[in-house]
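> Spelled out from the first residue to the last, the chains are:
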Amino acid sequence: MRPSSFLCCCVLLFGALAALYAVLVDQWVIPERPTPVPYTQYLLQSTVGVAGRVVIESGSNSKYGIDVPTLVRHWQRPVVIVANQASYPLKHKLFNLKNHLEPGDTLILPLEWHYYVEGRDLAEVYTTRVADENLSLEFYFNALPILDKLEFVFTQFPFSSALSVLLEPRSYAELDDADVRRIDRFLRQLKNFDNASFGGNLKETSDSIDVVAAAMKCDQYVHTLAIPAGKAVLSDVFLSNLELLRVLADDGVSVYFMWPAVADREESACYALAQSRVHIEAFAADVVEAVTASGFRFVGDIEESHFGSQCFLDTYYHLTHSCAVKRTQAMLRAFEREGISLPRSAASQETLVERSTEFGMALKRRYAAERL
Amino acid sequence: MLGSMFFLGSATMSEEQSTVLEQLFPVTGPSHWVAGAGELVSIVPVLFITVFALVAFFARNSMEVSDKGDRYTVLNALCVSGSLLLALLMGISASSSVFLYFNF
Numbered sequence: 070m071r072p073s074s075f076l077c078c079c080v081l082l083f084g085a086l087a088a089l090y091a092v093l094v095d096q097w098v099i100p101e102r103p104t105p106v107p108y109t110q111y112l113l114q115s116t117v118g119v120a121g122r123v124v125i126e127s128g129s130n131s132k133y134g135i136d137v138p139t140l141v142r143h144w145q146r147p148v149v150i151v152a153n154q155a156s157y158p159l160k161h162k163l164f165n166l167k168n169h170l171e172p173g174d175t176l177i178l179p180l181e182w183h184y185y186v187e188g189r190d191l192a193e194v195y196t197t198r199v200a201d202e203n204l205s206l207e208f209y210f211n212a213l214p215i216l217d218k219l220e221f222v223f224t225q226f227p228f229s230s231a232l233s234v235l236l237e238p239r240s241y242a243e244l245d246d247a248d249v250r251r252i253d254r255f256l257r258q259l260k261n262f263d264n265a266s267f268g269g270n271l272k273e274t275s276d277s278i279d280v281v282a283a284a285m286k287c288d289q290y291v292h293t294l295a296i297p298a299g300k301a302v303l304s305d306v307f308l309s310n311l312e313l314l315r316v317l318a319d320d321g322v323s324v325y326f327m328w329p330a331v332a333d334r335e336e337s338a339c340y341a342l343a344q345s346r347v348h349i350e351a352f353a354a355d356v357v358e359a360v361t362a363s364g365f366r367f368v369g370d371i372e373e374s375h376f377g378s379q380c381f382l383d384t385y386y387h388l389t390h391s392c393a394v395k396r397t398q399a400m401l402r403a404f405e406r407e408g409i410s411l412p413r414s415a416a417s418q419e420t421l422v423e424r425s426t427e428f429g430m431a432l433k434r435r436y437a438a439e440r441l
Numbered sequence: 691m692l693g694s695m696f697f698l699g700s701a702t703m704s705e706e707q708s709t710v711l712e713q714l715f716p717v718t719g720p721s722h723w724v725a726g727a728g729e730l731v732s733i734v735p736v737l738f739i740t741v742f743a744l745v746a747f748f749a750r751n752s753m754e755v756s757d758k759g760d761r762y763t764v765l766n767a768l769c770v771s772g773s774l775l776l777a778l779l780m781g782i783s784a785s786s787s788v789f790l791y792f793n794f
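Residue numbers (my numbering), protein chains in the order written: chain A, 70 to 441; chain B, 691 to 794.
Just so you know, not all the hints are guaranteed correct.
What the hints assert, rightly or not - Derived CB-CB ranges, DEER-like: (1) A:Trp97 <-> B:Asp757: 16 to 24 angstroms; (2) A:Ser233 <-> B:Phe738: 48 to 56 angstroms; (3) A:Ser309 <-> B:Arg761: 46 to 54 angstroms; (4) A:Glu273 <-> B:Ile739: 34 to 42 angstroms; (5) A:Ala242 <-> B:Val734: 51 to 59 angstroms; (6) A:Leu313 <-> B:Pro735: 30 to 38 angstroms.
To be verified - Here's a subset of chain B near chain A, in silico, CB distances under 10 angstroms, partners left out: (7) Arg761; (8) Tyr762; (9) Val764; (10) Met780; (11) Gly781; (12) Ile782; (13) Ser783.
The hints are simulated quantities; they were obtained by calculation from the structure and are not laboratory data.
This structure is a prediction, so every number in the text was calculated from the model and none was measured.
C-beta: ideal position from N, C-alpha, C; glycine also.
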């Protein structure tokens, strides 16, 4: 083979092998599953079609900082919290939302501070869970458009995770059994019709404090970005996420931003270090400016989402349930002050539960039929 | 170092907390947190080793070339492209950056 032919052959084979790897990851390593592992994702998927949903997305500060029944009583609209870990990338969360939100829905984003500065690097906990034995977060990967899937496979997904699945394939029969047990658990949780049924929390106490939160001052934990390096800068990733949100808004989804809920600890107050306070305020102004310039509204101010040490549950971002109720009331006051009133929906929270229950029952019938 | 800088004067930190902080702050400054930096750093040595391994395996001196002529085959091309892809894939690593560690 001549050198030029050899080079062409190398290029072609490289492309073919890369394509083969991408297909393997897409179809074999991270296949789509009918039943999501997190309850919050089940709530999101199973309530598609319920008119005028209010969907709250962020890291877990929303799970621990918002009381859904309070919102439902005030707005007379079905509400779900779909927030999970803040380590998961916002871009993937938005693509996932894009597949499940409909015109007339409202999206509220009380994003943790780091979402405004996050880069392209993904957390190890995220890349591991996307392809773990339960496929805990496969829905994020499978919600991505093809180019973003390729970006994930070739620049962000560790080869070791793919290799471990290829060398030790999953048992899909076991996954199906686990799905059915999980659906039963989801249906029981729905029946409770409390804050936890809609993605929130009911805890008033915690057995332990997160070790990292225990070791760090609040401003270091919440604003590590601001402390050592001066004022933080909005990341390109966040700016491109704003463009994604613009697509959602153009499709008829109302989008509102809020500050995350934080609670002081007895040993450390939040937004308290003089040096970081200056940076935080300047950075917050940049965030609001960027969000507003993209055509969205920022509701409330930082202090309205800041609570005392009696509200601390287990990290600075987690409030006790009674404080979550207070925070939700403050949130409603902020919406009213801004003149934002969400129109009543024809669907109620009961409609949402009925739809979600039907979805679960249909899934169970499908698993039963596949076993026959 | 950064972790200890945060906690100068704190005498109450447990061993568990110290370990967590050492894991969180393995290097000494914000440059470590620059998006993509870890990825780039991990790719470079792998690519370097791969290229030199390929050269060592396939390279021939002028006598060999004149004696045996050109003997590259599709299998050689497969080895080169496969090795390159493998090196690229093995260079991808998830970040354990401080922003991405927290369990919230």
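> Compare the structure with each hint and give your call.
Results for each hint:
1. A:Trp97 <-> B:Asp757: 16 to 24 angstroms: violated (46 angstroms)
2. A:Ser233 <-> B:Phe738: 48 to 56 angstroms: violated (26 angstroms)
3. A:Ser309 <-> B:Arg761: 46 to 54 angstroms: Taking Cβ atoms as reference, A:Ser309 and B:Arg761 lie about 49 angstroms apart, which means the hint holds.
4. A:Glu273 <-> B:Ile739: 34 to 42 angstroms: Since A:Glu273 and B:Ile739 have Cβ atoms about 56 angstroms apart, the given range 34 to 42 angstroms is violated.
5. A:Ala242 <-> B:Val734: 51 to 59 angstroms: Violated: the Cβ-Cβ distance is about 44 angstroms, outside 51 to 59 angstroms.
6. A:Leu313 <-> B:Pro735: 30 to 38 angstroms: holds (35 angstroms)
7. Arg761: With a closest approach of 8 angstroms, the B:Arg761 hint holds.
8. Tyr762: Given a least distance of 4 angstroms, the restraint on B:Tyr762 holds.
9. Val764: Where the cut-off is 10 angstroms and the nearest Cβ of chain A is about 6 angstroms from B:Val764, the hint holds.
10. Met780: Since chain A brings a Cβ to about 5 angstroms from B:Met780, closer than 10 angstroms, the hint holds.
11. Gly781: holds (8 angstroms)
12. Ile782: holds (6 angstroms)
13. Ser783: holds (6 angstroms)
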